[in-house]
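Student: Keeping the supplied structure of chain A fixed, place chain B upon it in accordance with the hints.
Given next are the chains, with one letter for each unit.
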Amino acid sequence: MTPAVDPRQRLVALHDMDEAERLVVILAALEDEAPAVREQAVRYAARYLEPARLVRLVANDERAVLRNGAIAALERQGPYAVQPLESVLAAPADAELAMFTLQVLARIADHHSAAAVLPFVRHANANVAQAAIEALGAFRAAEAVPDLLALMGGNLWLQLASVNALGEIGDARAAGPLLELAPDSLLAIPALHALGKLPAAAVAEPLAQLVCDVREPASREAAILALAGVVAPDPSDPASSRALDLLAAAAGEPTLLRMLQGCISATDDAPDPSRLRTAAATLVVGAPVGAAWAPALAALAAQGETDRIAALLRVRGAQVNALVAAQYREGGPRARSILVEFASHDAITPSMRLEALRDPHALVRAAGCRALGSLQLAESVAPLVQLLKVGCDEERAAAASALARHPSGQLAPLAACLGSTAEPQLLIQALGVLEATGGQAHLDRLLELAHHASAPVRRAALRVLAGLGDRRVEPLLLKALADVDPEVPSEALELLVQRGGERTLDNLMALLSLSDSLRFRVIRALGRLRVARAAAKLEALYPHCALHEQLEVIGALVLIAAPDVRDFLRARLTEPNLELRRAAARGLASLAGAGDLPQLASLAFDDDWNVRNEAARGLSRLPLEETRPLLLTLARDVESVVAVTAREAFTGAPARTWALSS
Amino acid sequence: MTLALEAEWKLLTDLIEERFGLSFTGVRRDILASRLTPRFQALQCGNPLEYYYHLKSHPERDRELGQLAMTLTNNETYFFREAHHFECVARHVIPSLNGELRERPLRILSAGCSSGEEPYSLVMTLQAMGLEAHLPHGWEVDACDLNSARLAQARDATYEETSLRNCDEETRRRYFIRDGTRFLLRDRHRAGVRFFTCNLAAPVMPLGAARYDVILCRNMLIYFGEAAFMTLIERFARAVVPGGYLMLGHSESLIDRSPSFRAVVLNGMVVYQRCAVDR
Chain A
474 MTPAVDPRQR
484 LVALHDMDEA
494 ERLVVILAAL
504 EDEAPAVREQ
514 AVRYAARYLE
524 PARLVRLVAN
534 DERAVLRNGA
544 IAALERQGPY
554 AVQPLESVLA
564 APADAELAMF
574 TLQVLARIAD
584 HHSAAAVLPF
594 VRHANANVAQ
604 AAIEALGAFR
614 AAEAVPDLLA
624 LMGGNLWLQL
634 ASVNALGEIG
644 DARAAGPLLE
654 LAPDSLLAIP
664 ALHALGKLPA
674 AAVAEPLAQL
684 VCDVREPASR
694 EAAILALAGV
704 VAPDPSDPAS
714 SRALDLLAAA
724 AGEPTLLRML
734 QGCISATDDA
744 PDPSRLRTAA
754 ATLVVGAPVG
764 AAWAPALAAL
774 AAQGETDRIA
784 ALLRVRGAQV
794 NALVAAQYRE
804 GGPRARSILV
814 EFASHDAITP
824 SMRLEALRDP
834 HALVRAAGCR
844 ALGSLQLAES
854 VAPLVQLLKV
864 GCDEERAAAA
874 SALARHPSGQ
884 LAPLAACLGS
894 TAEPQLLIQA
904 LGVLEATGGQ
914 AHLDRLLELA
924 HHASAPVRRA
934 ALRVLAGLGD
944 RRVEPLLLKA
954 LADVDPEVPS
964 EALELLVQRG
974 GERTLDNLMA
984 LLSLSDSLRF
994 RVIRALGRLR
1004 VARAAAKLEA
1014 LYPHCALHEQ
1024 LEVIGALVLI
1034 AAPDVRDFLR
1044 ARLTEPNLEL
1054 RRAAARGLAS
1064 LAGAGDLPQL
1074 ASLAFDDDWN
1084 VRNEAARGLS
1094 RLPLEETRPL
1104 LLTLARDVES
1114 VVAVTAREAF
1124 TGAPARTWAL
1134 SS
Chain B
25 MTLALEAEWK
35 LLTDLIEERF
45 GLSFTGVRRD
55 ILASRLTPRF
65 QALQCGNPLE
75 YYYHLKSHPE
85 RDRELGQLAM
95 TLTNNETYFF
105 REAHHFECVA
115 RHVIPSLNGE
125 LRERPLRILS
135 AGCSSGEEPY
145 SLVMTLQAMG
155 LEAHLPHGWE
165 VDACDLNSAR
175 LAQARDATYE
185 ETSLRNCDEE
195 TRRRYFIRDG
205 TRFLLRDRHR
215 AGVRFFTCNL
225 AAPVMPLGAA
235 RYDVILCRNM
245 LIYFGEAAFM
255 TLIERFARAV
265 VPGGYLMLGH
275 SESLIDRSPS
285 FRAVVLNGMV
295 VYQRCAVDR
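Those protein sequences? They're chains A and B, same order as listed.
Using the numbering used here, read the first sequence as starting at 474 and increasing by one per residue.
Using the numbering used here, read the second sequence as starting at 25 and increasing by one per residue.
Rather than coming from a laboratory, the hints here were simulated on the basis of the structure.
Since the model is a prediction, treat every value here as computed from it, not as a measurement.
Accuracy of the hints is not assured; some may be wrong.
Said to hold, decoys possible - If we take Cβ atoms under 10 angstroms as the criterion, some of the chain A residues that face chain B in the derived model are:
id: 1; residue: Asp-479
id: 2; residue: Ala-507
id: 3; residue: Pro-959
id: 4; residue: Ser-990
id: 5; residue: Arg-997
id: 6; residue: Ala-1019
id: 7; residue: Leu-1020
id: 8; residue: Glu-1025
id: 9; residue: Val-1114
id: 10; residue: Val-1117
id: 11; residue: Glu-1121
Don't be surprised by glycine CBs; every beta carbon is placed ideally from N, CA and C.
Just chain A, with the same shape it has in the complex (with noise of 0.2 angstroms):
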């Protein structure tokens, strides 16, 4: 057979092919030329052939192209690939081959494999150790700190392989070996990466004073990435703070201030300059370091970073409110915004967050109303509202959130922004405000805002008026559901299925026989609402409905669980359209019981992946001792979504049930 020219044929080929030429053509496509074609034959690889072949691929060092491609669907395969690779530890064939494999397994991280990796850090071969390490470091093994430590002074590789597995594992039994190589050696760098993913109480003061000892200018930068990252997670440990202080008491010597300062305004050819702007930044906010810490705020709010800044002057407010309070007082408006929305109430007190609402500038206007919002302060209502009249549009989303947080009793002088003179865009936002909070307070004028010229701001009057107990609201609903804005309708919809009540359903039921754009929205919601006495009238709808119809049908009867629904389902399943054939699929998925196991198997083997996908998740819904071989089949089905559906079954299964002799 001469081989399509055009890659996409190739392709088209692979997909096509025969069963009893299936090998040939794999092995042919794992090693064609177009990298398209070699990433699909990896797929069908993992799915047809054995580990064991891939393996005796693997093996072959004479054709590069086609192991590589082994190795990658032995990586697909994933945990069904693990024990046989694990054999093949037990006895392989040469170094080489007992590299790839600890490789293969390193990719595959299943964390039972420690113990068939952990001899191999002895090997020999440096390369077959160095993957072994990699491979433990991969599983997160903590069972191999003391043999990883056991390396330390030996091979620089290994010694290397074994720090950075260390960090991966972030074990703090490694805290000292590692800190003895980070001010001086080597392995400085690697060993303060490491460090910076170990525990804060093991490692966050010695490497604040590596911070302030080290002199060499990458490792101080490593020391600083590496402190950031040990402190930043949770500045409020005892460890981490103790850090911080150190910090900040050595930071009148000029050189670490010179190389703080520089690391915050770090340039673009630095590596990696914006990991290490937020580092150094985060220890001078947080130390703090006053000679750096405006622009070192700046930083990280430029990094939006504001969680982190929140975290920092809330943690360490007994350090840093006098500078807070220096800064509110001289900084920029930038500055400003971010103390008066992020700082304690001790260095910011409420009545100075009130009087930011009338600051010159509008980034601290807006930061005010959210930091009044939290506060709820009934006399922050009145300024509140009049921004949201007049603000620009940042102050008026800041001061509508922040009303929304307010108790609806507080919420009298919103009427301002409700009169017949407002724009759509305010009334919408008022009435944003009137959602959150609830309260009949503005009842009458609501009921009119439900017929306003603007069809959001009907929809927007209907919300507020849904939540509420009058007896005026269903009827409004139900003629909004004629509305001219098709909009409309599907709200006022939506908003009767969320009343719920045995009115609604009857409504409900009378709209069923209504062939119009609404229909699909009013069977959706009879599924959602799970109406038994429905099930009779929507079967008998579905052959008369179009397919949008027909699609919802099948939902809510699954939903309803009818007690026939099964034969329902079955009968879908013979659809020509593949929309329907899935969607009954789905169905049988969420209802799989043991009598629809034939079904579900013959589902296993469909051309579509999105019914084989529901046939892995029905058949994970049944004992696993029935499913196994099914599901081990899905497991390396072609298309990813697939696999991970189907090894979901085996989460929390022991280790030895993808076993394929068992």
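Tutor: Quick look at chain B alone, frame taken from chain A:
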């Protein structure tokens, strides 16, 4: 994300890739989710499956597919982005076509032109380098995009400050008329640019054969799935003249991905030249 939700997203992303060639797998899934939030809200869709059903089976699906196209391709750009490509056209491509361009216009395609900043930047560069006088038949710059709203903006040629972020005061003054906070491109710099709506991933695409001397398709192929990528490159191969050029964004590469183009270095950067005969 639950596995069931994962499968729903795959249905949706497969449909998008099939219709528009755009790939939203991996981390780009989050970008898609964020962009689709307004559509989900407008249609009251509670999950990706309901939106997928709408696109596949609702009577108004064609209208929504149009909305979807605009939602997905709403990428902002700016004038003189990666301007070295325009200089490359002026300094290397045009001189190499000197003889031919005495008989016909220079023909360029700006594929995925968004709101027109790229084709207009090209025209401005050609004009600034005094090439009007050397091209008796001028130029034809065809510019296409899937997003009709963006194309309307391109034809309008009125821009916000963000589109001019790479323009100094002199450039702004020379090429634009300020209108409050907006900038209107002067008529003279719109010469020879034609905009048309085009889904580059559609089964049939209205690009002529061997028509263009240069195709600019920058920072768009990164959004395409493998199949759509291969299809599109072959379409470009047909649309560009033998020896003509395809210019991609700095993070995109054709090396080892198409037998129809070979990588060459012009003006110190890699561009792709149409091979004379398919290998």
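Student: Now look at each hint and say whether the structure bears it out.
Tutor: Results for each hint:
Hint status for Asp-479/A: holds, given a least beta-carbon distance of 8 angstroms to chain B, under 10 angstroms. Against a cut-off of 10 angstroms between C-beta atoms, the interface hint on Ala-507/A holds, since the closest Cβ of chain B lies about 8 angstroms away. A hinted interface residue such as Pro-959/A counts as satisfied when its beta carbon comes closer than 10 angstroms to some beta carbon of chain B; here the least separation is about 9 angstroms, so the hint holds. Using the Cβ-Cβ criterion of 10 angstroms, the hint placing Ser-990/A at the interface with chain B is satisfied: the shortest such distance is roughly 8 angstroms.
Of the supplied interface hints, the one on Arg-997/A holds, with its beta-carbon coming within about 8 angstroms of a beta-carbon of chain B, less than 10 angstroms. Of the supplied interface hints, the one on Ala-1019/A holds, with its beta-carbon coming within about 7 angstroms of a beta-carbon of chain B, less than 10 angstroms. Using the Cβ-Cβ criterion of 10 angstroms, the hint placing Leu-1020/A at the interface with chain B is satisfied: the shortest such distance is roughly 4 angstroms. With a least beta-carbon distance of about 8 angstroms to chain B, the hint placing Glu-1025/A at the interface is held under the 10 angstroms criterion.
Residue-level restraint check for Val-1114/A holds (minimum Cβ-Cβ distance to chain B is 5 angstroms; threshold 10 angstroms). Checking Val-1117/A against chain B by beta carbon gives a least distance of about 6 angstroms; that is within 10 angstroms, so the hint holds. Taking 10 angstroms as the C-beta contact cut-off toward chain B, the hint placing Glu-1121/A at the interface holds, the least distance being around 6 angstroms.
Checked against the numbered hints above, the structure violates none of them.
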